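Listed in order, the protein sequences are those of chains V and G. Using numbering that gives the first Met the number 0, read the first sequence as starting at 0 and increasing by one per residue. Using numbering that gives the first Met the number 0, read the second sequence as starting at 0 and increasing by one per residue.
Worth flagging that the hints you see were computed from the coordinates, not collected in a lab. Hints may contain errors.
[Unchecked claim] Examples of chain G residues toward chain V, derived with CB under 7 Å:
1) Glu112
2) Asp116
3) Pro342
4) Phe463
5) Asn466
Small disclaimer: the values here were computed from a predicted structure and weren't measured. Using N, Cα and C, we set each Cβ at its ideal position, and we do this for glycine too.
Here is how the chains run, residue by residue.
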Amino acid sequence: MLRYAYYPGCSMDTTGVTYRMSIEYLARKIGLELMEIPDWNCCGASSAHAKGKWQALALPARNLAIAEKRLPGLDICVPCAACYARLLAATAAIRESDETRARIEEITGVTVKAGAEILTLMDVLGTDEGFAACAAAVERKLTGLKVACYYGCLTSRPRAITGVQNIESPELMEKIVSLSGVECVDWDFKTECCGGSHQVDAPAAARPLVERIFRNAKANGAQAIVTACPMCHLNLDMREEEINRKMGTAYDIPVYQFTQLLAVAMGASAKEVGLQKHFYPAFKRLDRTLRKAGTLQ
Amino acid sequence: MSRTGVFVCHCGSNIAGALDVERVAEAAGKLPGVRYAATYKYMCSEQGQQLVRDAIAEHGLDRIVIASCSPRMHENTFRKLLKDTPVNPYMLEIANIREQCAWVHTDREQATEKAIDLVRMAVAKVSKNKPLHSSFIPVHKKALVIGAGIAGIQAALDIADAGYEVTLLEKESSIGGHMVMLDKTFPTLDCSACISTPKMSEVAAHPNVTLMTGSTVESVGGYVGNFDVTIRQKAKYVNHDLCTGCGLCETKCPAKVTSEFNQQLCTRTAIFRPFPQAVPAKPVIDPDSCRKLSGKARCGVCQAVCPLGAIDFEDKDKLITDTYGAIVVATGYELVDWAPLYPEYGGGKYPDVITGLQYERLVNASGPTEGKILRPSDKSVPKEIVIVKCVGSRDKKKGRAYCSRACCMYSAKHAHQILDKIPDACVTVFYMDVRTPGKNYEEFYDRAREDGARYVRGRVAKIFRENGKLICRGEDTLLGRSVEVPADMVILETAMTPAPEIRELCARLSISTDEYGWVQEAHPKLRPVETQTAGVYLAGTCQGPKDIPDTVAQAGAAAAKVCILFSKNEIEGSPMISAVDENKCCGCSACVRVCPYRAVTLEEIDSREINGTVKRHVARVNAGLCQGCGACAAACRTGAIDLLGFTNAQILKEVDALCL
């Protein structure tokens, strides 16, 4: 049964709204039940760990505790890569040491066992059941569109916690997004850092990090970049035009969430997945692809 | 009552400067059983030794205590001296009042007291000493050399030239090892094959050498002078007595697999010689890739074309047992499997990221490109080449903290060769340090830089592709900035690592390896080619990464050690080994389990008991294998085992002397 506790994270209603819209569309289509954790709080994401260890652990731990109590027995699906990294780090820390657990319980005032598995949305859709459901729901194909799957740095690192074997070149997003009919190019910046929140506080220093991601995607033949994280998506989508202006480049690479491509393949309209909300124009590339490819039937 | 003589050494001022030697001698003179006590400036000198001889004659001494330096220093000196006197050489104890007293204390009074304690203990112990007599083991004057790379070949040739028989074992179908794969050798740029193939044919033709290829060690028994070794000789499926090596079969064989010798850069057939100058120059069939032997097809083409009927599909593995007096381990190295360790370098998915050994085959005239440097992906001539050093070495995160030693030099050689063969080439070498300690090595490295090789100090963090180029991103730590160097081909100078089978072989030989699997020498400085097991010696890179000159030198040293052993008809075994009191032994086998040398076994004996003769098991110590470590004596629960020279009675007497 495709049923998970769901931790959306703070960005889902704001910068990550297109991600949310496409996730909701896709969940309806494939019968994926995402049970939102009641009264969830911010996980601390990219800033709490810079303030202090216990703050960084206690913030996500409270969400784990609520999920345990209110949604017992369900694994937790986390679509945002930064949230995923924090919830996973807290889970690992609690499981590893009773002392840590006791300290966290003291801070949060609730008991926590961290028994649930923390999964990205890719993990959920990559299960046999999730994958089969997605495959069955596809109505049309985006054949001919060459995409570079960009995982960001946080879904695979650190290896000690994620247990991911192929840190440099994971393959799961390719497997899932290929269901939409796109062609995934082989490129080398799948898990490079996009600069994270430094795109806000030090954009000039962080800009080259995003630029080289575009550069490598283009050099390896990609027409679009696909992400699986609201932060990665924002950093790429928001900065592309600025990079072209300030660095004298001419990238024309729209950035999609992998769920947007799946939703479109499952019949969603542009508005239903929020294509009009992108910073860098994203509609035309999909529209043209769809016209050329036609519907599946 | 014993008649002990005590001799206290001044060791110049080494001992006498830190404590009162006269008082030590005076106190010793009053100890029970001591008949004579004296001091002398240098006991180890000829005059000092004469003092001992005279005292023995004059006072009828039957046991001796020397209070001097560590027994590691001069115990043997005094044992030798006693050989020519009525006193048994093992009726001797050394009280170490230098390293363990004079050198470590500053208070003269307390140091003197401690020296007296140490002498008292030695006097007490020696009172329980018993005369011991060496056993003599016959030496079987035939050596086994395991591994026929340059180290094994050199060791085998040296031993054979000294007039002794040698069996040279090689697991591959040809001897030659890695050296024959190399194109040129640094720093002289000799053709590697030209200087190693004459040695290969020389060793194969040597009347004292028996060459066994396709062979591995199955089991080892026995001890120094008398190792019983069983060798497994893999089926060749070609009768080498009939085969003339005409090569017709190789041209007709339809099965193609990647060539190990050419580092996967081209293919070979299932019936093959790994390379044209192979020794023996006759093919074997690889049963895994042969269509007929693997059962994939009926085939048998080679059998049909062979004009001499040398193909024998019914050939079986053979087990051969022989006795050897000495064994030389020369099993060499492998290159680290870099692909799984370096996903950041593409993990093996870029065909133009190659290893240094692959490059050697590319640049070699008998290699897959006939010596033209052509990159594997499209066979074009690479113009921009990046060389990355320390791949898999000097990095704890990648599992190996050690330096691979030869890479600095062969990367300089690679840079030089590229700049020589491709005139407008651009070579960038990423390095951490450049280590050139050999003769003419620094000059060679200078030459590579003068040729135009650009050395960038820093590691490569990532290799990625952009528009048909491999981009090497790294840090130039001298300039303190990151750099991106585009390349048409990247050469990874990968670390040497021990062959995986080495641990199994070492277990069979009762020798040990370090944390990485390099074979452990008996002493890192003073016994570099010996192992803890007497009669087993080391040569070449099985002991640790090294270059060809060092390998050849070490092989010669190992051969010399073998020849020393073989120069005697029998060897004197140390009598300080374990002895079992069969009356006390209960046959529990605790000693068998703790013995690191497999010297203790259980044997059935007829034992006379009250109710008649019964059969029971007791421990037996093999005098040839026992190294006198004492593990069994410590493990024995009934006190049935004593280490001669360190018996329980002796040790207790020593403790009593100190504590009572």
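Taking the hints in turn, this is what the structure says about them:
1. Glu112: With a minimum Cβ separation of about 51 Å from chain V (threshold 7 Å), the hint on Glu112 (chain G) is violated.
2. Asp116: This hint is violated: Asp116 (chain G) lies away from chain V, its Cβ roughly 49 Å from the closest one there, beyond 7 Å.
3. Pro342: With Cβ-Cβ at 4 Å, under 7 Å, it holds.
4. Phe463: 3 Å, holds
5. Asn466: The hint holds - Asn466 (chain G) has a Cβ within 7 Å of chain V, the shortest such distance being about 5 Å.
This entry does not satisfy hints 1 and 2, going by the numbered hints stated previously.
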